[in-house]
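J.: Listed below, chain by chain, are the residues.
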Amino acid sequence: DAGVIQSPRHEVTEMGQEVTLRCKPISGHNSLFWYRQTMMRGLELLIYFNNNVPIDDSGMPEDRFSAKMPNASFSTLKIQPSEPRDSAVYFCASIMTPANTGELFFGEGSRLTVL
Amino acid sequence: DAKTTQPPSMDCAEGRAANLPCNHSTISGNEYVYWYRQIHSQGPQYIIHGLKNNETNEMASLIITEDRKSSTLILPHATLRDTAVYYCIVRSSNRDDKIIFGKGTRLHILP
Numbered sequence: 001d002a003g004v005i006q007s008p009r010h011e012v013t014e015m016g017q018e019v020t021l022r023c024k025p026i027s028g029h030n031s032l033f034w035y036r037q038t039m040m041r042g043l044e045l046l047i048y049f050n051n052n053v054p055i056d057d058s059g060m061p062e063d064r065f066s067a068k069m070p071n072a073s074f075s076t077l078k079i080q081p082s083e084p085r086d087s088a089v090y091f092c093a094s095i096m097t098p099a100n101t102g103e104l105f106f107g108e109g110s111r112l113t114v115l
Numbered sequence: 001d002a003k004t005t006q007p008p009s010m011d012c013a014e015g016r017a018a019n020l021p022c023n024h025s026t027i028s029g030n031e032y033v034y035w036y037r038q039i040h041s042q043g044p045q046y047i048i049h050g051l052k053n054n055e056t057n058e059m060a061s062l063i064i065t066e067d068r069k070s071s072t073l074i075l076p077h078a079t080l081r082d083t084a085v086y087y088c089i090v091r092s093s094n095r096d097d098k099i100i101f102g103k104g105t106r107l108h109i110l111p
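Same order as they appear, the protein sequences are chains H and R.
Residue numbers are given in the working numbering: position 49 of the first sequence equals residue 49, and the series is strictly consecutive.
Residue numbers are given in the working numbering: position 96 of the second sequence equals residue 96, and the series is strictly consecutive.
Incorrect hints may appear among the rest.
Keeping only pairs whose Cα atoms sit at most 20 Å apart, straight-line, the calculated EDC-like set for lysine to aspartate or glutamate is [said to hold, decoys possible]: (1) R/K69 x R/E58; (2) R/K3 x R/E66; (3) H/K78 x H/E62; (4) R/K98 x H/D56; (5) R/K3 x H/E103; (6) R/K3 x H/E44; (7) H/K68 x R/D96; (8) R/K98 x H/E103; (9) R/K103 x H/E44.
For the record, the hints were derived by calculation from the structure and aren't laboratory data.
Isolated chain H, as found in the complex:
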């Protein structure tokens, strides 16, 4: 399997623009997580899905952020409008739950810079 695939790997945009980050989880995994990482705040959980249904979005910073999972093989995280403080690395991760190993697989991340 190719692992968790995220795109784009790098995005530079201007304040006010819409940003869409994409994630393809590992085939067969039924839970998907979106994290944001910054030096100041570390690795923050934004939202997670189980069987394509959002379970907890309490980590989403504000209404400018939204996430969808229309099917088991695709998820998006959208920021509209973007602001400089949204600059961070956004990670997507997937896992099979329940599972014996409980191993969470991460993508390589999308590095977002908002000017």
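The hints should help you fit chain R onto chain H, whose structure is shown.
T.: Positioned in the frame of chain H, the structure of chain R alone reads:
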């Protein structure tokens, strides 16, 4: 909030065993202890996990105290490539359980 406490940083000489502690005093009976590491700007990588017995795999060993309130990750022969941030987390296998990462321990392997 993370349910674990770890020292912010540690040093270890190359070739020696690196022992990384983690406190999880509020762990529940159905919660597992997991360890991940993050090398530079890559996504975190799974290392090992356990419930109450000690565990060993090709990467590391996990020692969990009898009361399960703390654990230690052991890298038996640390190399420079083990320099990373190590995260200890606790979670159940419940499908609705959050996976929360704390600040982790930044391990520096010294040549």
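J.: Given the hinted pair R/K3 and H/E44, is their Cα-Cα distance within 20 Å?
T.: 14 Å, holds
J.: Could you grab the alpha-carbon distance between R/K98 and H/E103 and see if it respects the 20 Å cut-off?
T.: 14 Å, holds
J.: Given the hinted pair R/K3 and H/E103, is their alpha-carbon gap at most 20 Å?
T.: 18 Å, holds
J.: For R/K69 and R/E58, compute the direct alpha-carbon distance and say whether it is at most 20 Å.
T.: Violated. R/K69 to R/E58 sits at ~25 Å, over the 20 Å cutoff.
J.: Could you grab the alpha-carbon distance between H/K78 and H/E62 and see if it respects the 20 Å cut-off?
T.: Distance of about 12 Å is within 20 Å: holds.
J.: Given the hint that H/K68 pairs with R/D96, does the C-alpha gap stay at or below 20 Å?
T.: Distance of about 17 Å is within 20 Å: holds.
J.: Given the hint that R/K98 pairs with H/D56, does the C-alpha gap stay at or below 20 Å?
T.: Judged against 20 Å, a Cα distance of about 8 Å means the pair holds.
J.: Between R/K3 and R/E66, is the straight-line Cα distance small enough, at 20 Å or below?
T.: 18 Å, holds
J.: Can the restraint linking R/K103 and H/E44 be considered satisfied, given a maximum Cα separation of 20 Å?
T.: 10 Å, holds
Going down the numbered hints, you'll see the structure goes against just number 1.
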